[in-house]
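The chain contents come next:
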Amino acid sequence: MNPTETTLVELRDAIAAKDVSAEQATRAYLDRIESLDGKLHAYHEVFAERAMERARDVDAGKLTGALAGVPVAIKDVLATQRGTTTCSSRMLEGFKAPYRATVVRKLEEAGAIILGKTNMDEFAMGSSCEHCAWGPVTNPWGENRVPGGSSGGAAAAMAADMCAGSIGSDTGGSIRQPASLCGVVGLKPTYGRVSRWGLVAFASSLDQLGPFSHTIADAALLLKVMAGHDPLDSTSANIAVPDDLDDVDIKPEKLRIGLAKQYMSDQNDPAMNEAIEKAKQVYQQLGAEIVEVDLPHTDYGIPVYYIVATAEASSNLARYDGVHYGHRTTQAEDLVDLYSRSRSEGFGDEVKRRIMLGTYALSSGYYDAYYLRALKVRRLIKQDFDSAFEKCDAILCPTTTGPAFKMGEKTDDPLSMYLNDVYTVPASLAGIPGVTLPGGFADAEGQRLPLGIQLLGPAYQEAKLLRIARCYEAQTDHHRARPTTAGAV
Amino acid sequence: MTEQQVRHVAKLSRLRLSDDQVHQFTEQLADVLDYVAKLNELDVENVEPMAHAMDLLNVLREDAEKQGLSVEEALGNAPDASPPFFKVPKVLGEASGA
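Top to bottom, those sequences are chains A and B.
Reminder that position 451 of the first sequence reads as 451 in full-length UniProt numbering, one-by-one numbering, no gaps.
Reminder that position 9 of the second sequence reads as 9 in full-length UniProt numbering, one-by-one numbering, no gaps.
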């Protein structure tokens with residue numbers, strides 16, 4: 001078998017059965033990274049030596065667990081004791097975390113092999129992975145296309161089979177949107193389901209970690225390993241993780257799928273609306289009841305998000321002052337000058353824009369008009385979902401309005417870039433889980449580009465949500481497609 | 001949003017901007033704020049603000065002594081240090097540089 005052409009679960013089982021060694025599997029992925037990453041730039045740093053060392057430990061029986069020998073990639077927003085943690089920012093160039101994130105610890109304790117850190121939009125701020133301090137990430141499906149963001153490196157690495165699974169973070173759609181644009185599965189769990197300890201903070205009430213994979217079963221297994229209460233994170237939910245979370249082939253009974261007219265805009269690429277229509281038919285054929293739900297405040301998601309997220313970011317990023325860690329200017333005349341020059345030299349333009357927007361929204365005279373109002377509308381958005389889930393088990397909707405856009409197409413127009421997240425942001429504001437899965441293809445100027453459909457569920461109902469997603473996946477072949485531009489090793 | 005406001009917010013944010021950046025950010029932030037003004041369409045008079053999606057309670061850990069970072073670890077990423085202290089330019093008196 002070729003280890004890079006299997007699913008994560010299949011690879012895990014093959015290693016356990018000794019059909020392939022962890023060393024062979026890890027070597028195969030490292031070779032693929034070496035061959036492709038010059039073009040894709042999905043990785044920021046690769047831990048080749050350490051990965052091989054751990055693989056040999058698995059083969060020697062010294063390292064066991066639910067992911068024993070499975071090579072995974074970690075977004076560079078998570079603290080790892082090996083290598084650096086940079087958030088793709090010059091501000092954190094060379095930063096070596098003195099601790100590792102809870103999620104990284106759990107993956108390592110489960111026997112996973114960490115291949116390296118994936119590239120991302122600086123401090124997770126972006127929807128295209130063009131805001132990376134050391135250059136953009138390329139979408140494996142098209143050299144001139146963005147992979148989405150901010151977890152674009154994690155999604156691209158997954159799509160190009162440069163890892164068996166990868167971990168990203170989602171603040172307003174940063175897992176689901178790149179998963180959609182790269183044709184892979186991306187899961188944002190309920191806020192609080194996965195510990196954020198060791199995750200570099202962007203917007204603390206929204207940030208959540210989740211997996212990328214080729215299949216729903218793989219995502220479920222990764223989530224099972226990552227999830228659970230963590231006393232080190234005061235926002236981590238003390239709610240038990242279902243034992244059978246990774247058994248996605250259990251069929252949910254009396255399935256009700258919600259459709260909201262607010263997500264089926266004429267502004268969507270026709271291929272996206274067609275993908276949703278086909279998904280609806282798949283569920284109908286499976287006996288599901290399709291119900292109409294109303295999410296009247298959907299269009300207010302972006303304004304709320306860009307006030308709430310930037311307000312929290314302006315506070316979280318105040319810590320980068322050039323004193324304790326991070327970039328320090330060599331030009332400072334006094335302490336305040338040191339703060340300002342260090343921050344100006346260390347942060348990229350998108351980060352500066354968001355810090356300023358958040359500072360403005362929180363400043364005297366504007367707090368009530370912007371921040372407080374945004375928090376009130378956030379409640380209305382959550383109430384929309386609460387009402388919708390009284391009528392259905394999951395909401396089926398697009399992840400994005402269309403396929404991957406071209407590099408440079410939106411970089412000079414931040415608002416246009418922000419609007420890209422219109423269908424992912426509401427779930428983030430409400431804290432509910434959402435999963436993107438391959439749902440078809442669009443023809444864009446002769447390029448065949450993937451489209452992701454999205455399923456949203458009630459809080460802490462990941463098990464049911466993944467089973468509903470699996471029902472669709474089992475009836476389609478979209479998840480088996482691979483990009484040809486990535487080439488073979 | 002005016003250029004003067006952008007300069008003021010940059011100062012509050014501890015950011016130094018070039019004139020070109022001020023000009024660019026003024027336009028871009030004005031666009032975003034115009035879009036955000038959409039929130040004024042809604043009557044939110046009687047809506048409780050929601051800062052967090054989940055019900056949160058104060059969480060306290062056991063008041064137990066444990067090992068923290070060593071001085072070496074704490075200073076490990078410092079751009080400048082004079083163990084066991086972080087080193088910064090003078091705040092009072094003649095400026096000393098970084």
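Fair warning: there could be bad hints in the mix.
What the hints assert, rightly or not - Straight line, CA to CA, 20 Å or less: simulated EDC-like cross-link-like pairs of lysine to aspartate or glutamate:
1) Lys410/A - Asp80/B
2) Lys11/B - Glu345/A
3) Lys382/A - Glu48/B
4) Lys38/B - Asp413/A
5) Lys96/A - Asp80/B
6) Lys90/B - Asp334/A
7) Lys376/A - Asp43/B
8) Lys410/A - Glu345/A
9) Lys90/B - Asp321/A
10) Lys376/A - Asp34/B
11) Lys382/A - Glu73/B
12) Lys96/A - Glu73/B
13) Lys87/B - Asp337/A
14) Lys261/A - Asp249/A
Derived by calculation from the structure, the hints in this document are not laboratory data.
For each hint, the structure was consulted:
no. : hint                : in the structure
1   : Lys410/A - Asp80/B  : violated, 39 Å
2   : Lys11/B - Glu345/A  : holds, 15 Å
3   : Lys382/A - Glu48/B  : holds, 12 Å
4   : Lys38/B - Asp413/A  : holds, 19 Å
5   : Lys96/A - Asp80/B   : holds, 15 Å
6   : Lys90/B - Asp334/A  : holds, 6 Å
7   : Lys376/A - Asp43/B  : holds, 10 Å
8   : Lys410/A - Glu345/A : violated, 24 Å
9   : Lys90/B - Asp321/A  : holds, 15 Å
10  : Lys376/A - Asp34/B  : holds, 19 Å
11  : Lys382/A - Glu73/B  : violated, 42 Å
12  : Lys96/A - Glu73/B   : holds, 10 Å
13  : Lys87/B - Asp337/A  : holds, 15 Å
14  : Lys261/A - Asp249/A : violated, 30 Å
This entry does not satisfy hints 1, 8, 11 and 14, going by the numbered hints stated previously.
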